[in-house]
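Those sequence lines, one after another, are chains A and B.
In terms of the numbering used here, the first sequence has 340 at position 339, counting the first letter as 1, and numbering is strictly consecutive.
In terms of the numbering used here, the second sequence has 127 at position 124, counting the first letter as 1, and numbering is strictly consecutive.
Just so you know, these hints were derived from the structure itself, not from any lab.
As the structure is a computational prediction, the values presented were derived from the model and not from experiment.
For each residue, glycine too, the CB sits at the ideal point set by N, CA and C.
Chain A is faced by these chain B residues, among others (derived, beta-carbon under 8 Å):
{"id": "1", "residue": "N46"}
{"id": "2", "residue": "V47"}
{"id": "3", "residue": "G48"}
{"id": "4", "residue": "W67"}
{"id": "5", "residue": "T68"}
{"id": "6", "residue": "Q71"}
{"id": "7", "residue": "H310"}
{"id": "8", "residue": "P345"}
{"id": "9", "residue": "Y346"}
{"id": "10", "residue": "N347"}
{"id": "11", "residue": "Y349"}
25 Å max Cα-Cα, derived PhoX-like pairs, lysine-lysine:
{"id": "12", "chain 1": "A", "residue 1": "K345", "chain 2": "B", "residue 2": "K60"}
{"id": "13", "chain 1": "B", "residue 1": "K95", "chain 2": "B", "residue 2": "K122"}
{"id": "14", "chain 1": "A", "residue 1": "K345", "chain 2": "B", "residue 2": "K144"}
{"id": "15", "chain 1": "A", "residue 1": "K47", "chain 2": "B", "residue 2": "K353"}
{"id": "16", "chain 1": "B", "residue 1": "K235", "chain 2": "B", "residue 2": "K176"}
{"id": "17", "chain 1": "A", "residue 1": "K47", "chain 2": "B", "residue 2": "K352"}
{"id": "18", "chain 1": "A", "residue 1": "K122", "chain 2": "A", "residue 2": "K194"}
{"id": "19", "chain 1": "B", "residue 1": "K247", "chain 2": "B", "residue 2": "K127"}
{"id": "20", "chain 1": "A", "residue 1": "K345", "chain 2": "B", "residue 2": "K353"}
{"id": "21", "chain 1": "A", "residue 1": "K223", "chain 2": "A", "residue 2": "K235"}
{"id": "22", "chain 1": "B", "residue 1": "K352", "chain 2": "A", "residue 2": "K345"}
{"id": "23", "chain 1": "A", "residue 1": "K47", "chain 2": "B", "residue 2": "K318"}
{"id": "24", "chain 1": "B", "residue 1": "K247", "chain 2": "B", "residue 2": "K288"}
{"id": "25", "chain 1": "A", "residue 1": "K16", "chain 2": "A", "residue 2": "K345"}
{"id": "26", "chain 1": "B", "residue 1": "K325", "chain 2": "B", "residue 2": "K352"}
{"id": "27", "chain 1": "A", "residue 1": "K16", "chain 2": "A", "residue 2": "K315"}
A few chain B positions that, by computed beta-carbon distances, are all more than 12 Å from chain A:
{"id": "28", "residue": "L25"}
{"id": "29", "residue": "K95"}
{"id": "30", "residue": "F96"}
{"id": "31", "residue": "P97"}
{"id": "32", "residue": "L121"}
{"id": "33", "residue": "D125"}
{"id": "34", "residue": "K127"}
{"id": "35", "residue": "D143"}
{"id": "36", "residue": "K176"}
{"id": "37", "residue": "Q182"}
{"id": "38", "residue": "G193"}
{"id": "39", "residue": "I220"}
{"id": "40", "residue": "F231"}
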Amino acid sequence: MTYQGRMQALYNYQKPERVPIFGMDEGFCMLNCGYTLTELQTDPQKFWHALRWTCEQYGWELLWQHVAHTVLGSWDFGAKMKMPDSPYAMAVAVDTTAVQTEDDVWNLQMPDPKTSGAIPKRMEFSRLQEETGWPITFQARSPFTMAADICGLEQFARWLMRKPQLCDRLMRMALEHTFSVLQYWTDAFGAEKILYRMSSPSEANQIISPRHIREYALPYHKEFHQRIRAMGVKKFYFHICGEQNLNLPYLAEFASSADGWPHPSILSFGHEVDLNDAARYFPDDIIVGNIEPAVIQAGTPQQVYELCQIAIEKGKRIAGGFILASGCGLPPRSPPHNVWMMTKAVNDLGWYD
Amino acid sequence: MEQVKRLRQDEMTTSDRVEALLNGKKIDRVPLFQFILGFCARNVGFPLASIYNDPEKSLLAQLWTQEQYGYDSDPFYGYASYGGWEFGGEVKFPTGQYEQAPSHGHFPVESAEDVWRLKLPDVKAAGMLPWAMQFSKLQDKFGISVSVVIGGPFTIAGNICAVEVLCRWLIKKPEVAHQLLRLATDHVLGVVKHWVDTFGVGRINVQIWEPSAANQIISPRQFETFVFPYQKELHEKILGMGVKYILCHICGEQNLNLPYWACIPMGNPGIVSFGHEVDLTTAIKHFGDTCIIAGNVEPAVIQTGTHEQVYELCKQAIEKGKHAPRGFALMPGCEIPVMTPPYNLYVMKKAIDDFGWYDY
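Pulled out of the complex, with its shape left as it was, chain A reads as follows (with noise of 0.2 Å):
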């Protein structure tokens, strides 16, 4: 099957000739053809090149991808950003936030939705997208995580116990300014081929309860769904980051709601969330994971194909759909046979009969 019969069936909830492979690999594979980590920043056209080489060397899918995402907040809303050029960098990171003080939060502007952070860069690559007839990404944070990017977590979290205003200030914010971006992409290439990622790694209850994900995090999810449905966005990726199993009930209560996101979505976990509890939270969508992106990176190739076999006879019994995927973003300097122990893992054992 192609990449687009693969993913179709996906969609039907028919299974696929074989579990399909998602690399989550933006920095790998700009090493893995020679370019630097810091051109993922500022040269779309080499990414956009190195991803599809890497998919085509690996044998994944060319899927949900994009350029400059992990702070893509705190750069948006002015911070100072560090390219990861250093050998030990592995993504662009903060060097001050753009938000330090209580005043700051108050004076804070909104963001040019088309000139502000690596948005240009990010257009520039949508439309390189878009020339190869491939679907258009458009990838943010969810607001409470984007917002703790504008201020730095620890203070986000501070705030959260103490003036929790200040946090519902930012999270407004972030909502707003994703959706004026979200505006000059459907703009630019009509809402029927966006497909939205969204990624919530400060949700996750390594930082905060799910006391707080329902109090704070949830109802901006649902004011966002309202929205996205309203323009028209129909394709979501929510890659639920990190140890979030305290946060699943709420998640699938939300999910299965009438003002829940569209079924089916496409859902990634971090390794921390068993394969088998996300299927049962999440019947209705497509489960993607969860490979631990640590093993992958410091493990023996053995450990990592083993960790795939788990995840892929978990996965093939999923009625929603399976993707196999790291749990999170693929380690740029991963040895690249562990990385290759994905595609072999499922060339030995992801066919569906």
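Position chain B against the provided structure of chain A, taking the given hints into account.
Positioned in the frame of chain A, the structure of chain B alone reads:
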């Protein structure tokens, strides 16, 4: 929508393809031989030095990388500065980010007097030879061909003393150079015999690398005097032991030496591989009737060029070599550099997929 390309399924296994090539039978596509060591360590996350000082890791790294990239040549053990450590000097294993392979610590020979005092080392105990034997026993255990990989006499002589010293002696003290070459030749023969005695002559393949005889270092006249006699004797004696063929890597710029090389027996057929400096059409002219030709994509381009450049060089090599009378294998012109972008390595297979199929 633009499609992601998939490679065509091979019709033969790697071992069947290589066996057919050696026996002059039809094969499905041009084989891909890799000259690849340190890259494999990086590819699987092992320390670079483990390719040279840890036989088990070395073999695993090479086997796994071979499976991943789908090339046809089996793992082997060897290093280009072979000779210095084995004759009593020191070798330094690669640890820094810019090091690619073992390099010389100090040489066992610094003066002409040292040469006359030099003894043949014990082929069971000297330098890396115990690791090489351990590696070969693992090859045997894994059911792959047992290789003995070693430099030619001139290269080994240029590793026992510094190559610039050897070059000076070629001109000023030729008798000293001849003594070193004599020892180097006898040493290589001793090593090959040790492998033959251990595994049986039918189990081993012999690879000889000869980089230091390149015309970037010596003239063809010097080649005739100092390389040709020893190399010819070496090959004749190895083949005389019953070894079926020699894979001879004629490394670097050796265009002016080719008429001499063509008079050295390689087996029937032998395998000769070339640096990018030798045009494959020229190689076929000199060796095509007796040897399988392998080569010769420029390693520097594989490391620092674009994948389009690598693809184009592979395409040109395949087009020139594909119909060589005794057969052809696509190969880099020398070792794959450690920091090669993995996609550039993959492109070699992709070029074979696009241009290397035989339509009989």
